[in-house]
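Chemist: Protein chains in written order, with numbering that gives the first Met the number 0: chain A, 0 to 185; chain B, 0 to 481; chain C, 0 to 709.
Just so you know, these hints were derived from the structure itself, not from any lab. The model shown is predicted, which means the values in this text are computed figures rather than measured ones. Treat each hint with caution, since some may be false.
Pairs of lysine to aspartate or glutamate, EDC-like flavour, derived with a Cα cap of 20 Å [said to hold, decoys possible]:
| no. | chain 1 | residue 1 | chain 2 | residue 2 |
| --- | --- | --- | --- | --- |
| 1 | A | Lys178 | B | Asp272 |
| 2 | C | Lys231 | B | Asp437 |
| 3 | B | Lys405 | B | Asp272 |
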Amino acid sequence: MDPSVFFFWVFAAITVVGALGVITMRQPLHSALFLLLTFLAVAGLFILQHAEFLAAVQVLVYAGGIMVLFLFTIMLVNVRRQAKEPFVNRRAGIAVLAGFFLFLLVGGVLTGPALVKKGPPADPAALKTTVIENSTARVVVPGNSEAVAWGLYRDYLLPFEVASVFLLVAMIGAVVLGKRSLEKFD
Amino acid sequence: MPFPVSDLILIVPELFLTAVALGLLIYATVVSREKEGAIAWMALAALVLTGVLLFVPFSSVTSLPQIGFAGMFAVDKFSLFFKILILAAAAVTILFSLRFIGSSPYPGGEYYCLILLTTVGMLFMVSGVHLVSIYIALELMALSQYVLAGYFKQETKSIEAAAKYFVLGAFSSGVLLYGLSLVYGAARTLTLTGVAQALAASPKAPLFILGIILVACGLFFKIASAPFHVWAPDVYEGAPTPIAAFFAVGPKLAAYAIFARIFYSGFGPGSADWTVIVAASAALTMVVGNVGALMQENVKRLLGYSSIGHAGYALMGFLGYGTDFGLPALMIYLASYALMTLGAFGLVVMLETKGYAGESVDDFNGLARKNPTAAAAMLVFLLSLTGIPPTVGFIGKYYLFTSAMKAGWFWLALLGVLMSAVSLFYYFRIVRAMYLVDGEGELRWKEEPAVSAAVIACLAGTLLFGILPQPLVSWAKACLLN
Amino acid sequence: MNYPIWLIPALPLLGFLLNGLASLLYGAAQAQKRGEEWRKAHPDEGHGHDHGSHEAAHGAHDSHDAHGHDHGHHDTGPMLPWALRLFHGVVGVGTVGLATVLSFGILVPYAKSVMSNVEGARPIVETLYHWIQVGGLSIDIAFRIDALSALMLSFVTFVGTLIHLYSVGYMQAEAGYGRFFAYLNLFMFSMLMLVLANNLPMLFIGWEGVGLCSYLLIGYYYDKDFAAAAGKKAFVTNRVGDFGMVLGIFGILALFGTTDFSFVDMARQQQMASGTPLGVYAVCALLFLGACGKSAQVPLYVWLPDAMAGPTPVSALIHAATMVTAGVYLVARCSAVFLLAPDALTLVAWVGAGTAILAASIGLAQNDIKKVLAYSTVSQLGYMFLACGVGAFAIGMFHVFTHAFFKACLFLGSGSVIHALHHEQDMRAMGGLAKKTPATHLTMLVSALAIAGIVPFAGFFSKDQILGSAFAGGHYILFAVGLVTAGMTAFYMFRLYRMTFSGTYRGTPEQESHIHESPLTMTVPLWILGAGSVLTGFLGLPEVFGKNLMVEFLSPSVGKMHAHEVSHATEYLLMAVSLAVAGAGIFLAFKWYTGQDAKFTPGAAPEDIIASPAAHAFFEKTGTLGKVVANKWNVDEGIEALVLSPFRKIGTFLWRGFDALFIDGLVNASAFMVELTGDLVRFFTTGNVRNYALTFVLGVLGFTLYIWMR
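Chain A on its own, in the form it takes in the complex (with noise of 0.2 Å):
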């Protein structure tokens, strides 16, 4: 077996696995770790995947950052109290039946017969150049997180900046709720 597939599937394996632990532990704790692992695993299919920026900025942000914030925040609100409620609740059967169904129907979709025209298979390897069109000239810049750099500041430019307020009305938003005081009542 190819070693790239075959990586693959255990990466994919863990992603799964570890998703799946996310859900179903009881522990905020061990949910976060098992998010963690989910991270990791997701980095190691982008590596596959020739992604190697990608995968390092996953695990840096997602895994690093991110998750140390959970851990912060977990272990600052130190929830202990386990749920009260069943963890299945009435609803459960129904909610399993349908999650079923419609994992069925995806999957039979997208492993059934193709109809869409196959272009020509994708090369992992072309992600790394970048062709960079002008009036006057065209560049051929190799590298990773140089195409992904073209990408982001050049096609994807607006998106990016709506991204970036995005992410300040997150901010404002957290202070806004988080705030405890109200001012006008002081």
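Guided by the hints, dock chains B and C onto chain A, whose structure is given.
Modeler: Frame of chain A, contents of chains B and C only:
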């Protein structure tokens, strides 16, 4: 090709509004609480000025539609139509909020800033012609709304509304994104024109169809159409009333606009199958919204269910895909819906003295004697919501139902008429309370010039376009998608 | 004419605006004053809402057992200052009066031109602007005067003005004087829009407008529970009709491709854009359903008797003379379409006849003077539909016309009686009023003779020709039903007359001393309408007596079914028979109700007090049937058991079922609300949001399956 800097002129209105929002955020830190009203007025002025600036991109381009930012952003008349309505809705919301926020213990600076930023999100949405730019703008809009819904954070209802809206909104985003990723997998591009070409090449690809269904479901959530509507009544009830008014109009306008854009320019030509889902959802929504409203005691919940019902009517507009009637009918209807819904909410705002008082249908008791003008205005809005001539609601429904009939959906138009008849029952519960029940005790009415002005503007529009609809109709017809 | 038609409805609209504005400004000033007083009286309570006093006040209203009485002079506030009353009166009557003058300025020359050249008579159509345009189809704001609308216009404005004038006197002590006139003017505007409309959507505007005014005016005494309930009943019943009406309009659009009244000509020439016989039948049935709602026909008639909770002038104007005839007008307007579907006409005829006899039989045993007149109105409307159903649309409209005069006169007369007796409506407590209120007595006698169908009063000519048309068309059963109804009508009208005016007064002497004839503003309209009840019949003389002006005038606008001619001898015979039946009814009423008996004791059995021994014997024999009739054939109870309660159950079931399936029940939700203490972590794990998300997943799954299964 790096994007030309000259593309910046295409987003001058959005840039301006973002800049003002950030400026107000900073200004709010130095201004004292008593003078926060100034922030509201500045925000209002910014919205008006943005409306004027909308015409800057138009004067700069030679042909419409002008696409900029590497196929991300379009300047066309379709977006102009929706942007004007959205800005107007935001302006009305700010007028509603002046006293509401001023007399509450909550700070005003962030509130108005968030209203402006959610508006920015909507403006980017309606101009988006690339699935990524549409999605990011949608999230900008939605995130600001989650915060606004929970803005009265010491009220359990408000924080509950925010939490529900957030969780379910994230869930719907997941579905939408999954759909978009499937579409990308099938089409290998995210521009709407590219998707349309790919679909035309392989129209029946299961991947496409599944992607289209999931995208539709994600957008149905934003429109609050059944069965993705369950969040709406809770959120409308819990959110501060001016925000509930805004939720009932602004996000829906933007969501309808992107629905039209994605499905007409992206999915339309390749596969018309999606009309059957829209029809199914429309039928379900009309029934659920109108029947649900019958049971409501809380006016905000009632208007929430009513707005679900209206979402069902409006969805009929998409069924006219391929004819000349559907889209203009939808646009006329949305304009009329914005006028009458904002007006009705304005009267609820006025009826509230503080917090959540004045939200029950019983609180309208005897309004006709306490304040006959307000009662008459409410009557007009309710008649319009029911679709009785000569109000603008009738015009909108007339166009929608005829467009559905011309597209061959007779049973759906019939159901629409039936459900309009049902809607009269719950709208007239308010009329009955106002006119035929005696309310006693003190006048809880709060006259407020800002809210009155907004309500009068809505009233004028409701009646004027009801009697003389031609300007609205021809404007909508001039602003169709290219 | 040199002035535009739109001025006619515009004038009452102006009146509505002026009256509304004045009433509003005054009301706001008063409310402010009251608010200040309230604040002074409740200094501690700040802004809170006083629920305690609210409840207490409601309790007081509930204990007030007032079933079906017209309570004027109740004290919601002081009488208005005289200057304001003068303003409301002048504006209210003046605008409508001016509209009447304008109408007749147009009508008289138009009528002349029609009569001089029936074949070439063109309707006057005045288009203001295009209202809605969808793909080549245009709906205009346009007014139309043709023979049919001219006829309606004439009596709507004329009778309307008289009733406005009457209201000046009748309502003068009301605190809501300005509100009343504003509503009444708004009603006139809507009614004129309905009558003058040149297309069905515009007619529908008027249709809904009059419905709204009716609703608001039925509930005029809003603080009386029965008035609010009656308003609700009228509202619900009319929705059923309106649903049919809207679908009927869409049907006309589908059949003819247009909704303006040119479809009538198309139908006459059988030029349908599309459509099958079944389609035409369905459209006619739907339009008739709309007409049944507005014109109170079986099974939608139940609201009209309850509508008597409104002030008496309203009963006269809206619930007798004008609005309730809109259904007949609609059927007559669409007569050419109905003629394409004879089965639909048969339906109309049977419903009309059934309503006529049912309502008349209920009218036999009512003791409330306004209730008798209300059931009589329902019964007479049945006659009108009977006429339309046998294809005699012009005769039906003629009966609409004459009925407007004599029924308005009867209602205003009853109002005058009620006014004289200080809001006593029970006929058992009346009697001997002939001398005390001579003007009322005489005018009511004349109009009672008219409705009973005694020659030469107006009702004779119109009703006799309805029966004649039914007979000539070979509908012998319908004819017999109509004849029996005519007998009943004569009986209950003269029962009313005897109980009210004959004999001696049955109230207390103290009350007797207060009885007075009404002021001039009330008696003058009575005299004029009384004269109308005598004279209007001559406009439509039966063929045997000469030219039938009415039928000839209407012939360009309404259709007529080809009917077998009957010989003159038969026609004379029919007249004699119907006169004899009416005479018998009157005779019986005079014999049984002498008006001479004992004092009225509340709570006595219905007929025990004033009926003669012969009547008692009769009632004993009929026993249960008599009780059922007195209880209005138990229709309200039947509707409750058969229609409303199942609907309520279905509604409840749907609601609960939906809830249980999707929202996990209200119990869970409220428990959830209690548990929710701001602890977000716990919040995310409660059932509710998960169930919402489940709904979402089910929706996605459902749509996906739906697409795949197709």
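Chemist: Any hints from earlier that this structure breaks? Give me their numbers in increasing order, please.
Modeler: Hint 1 is the one this structure does not satisfy, whereas the remaining hints hold.
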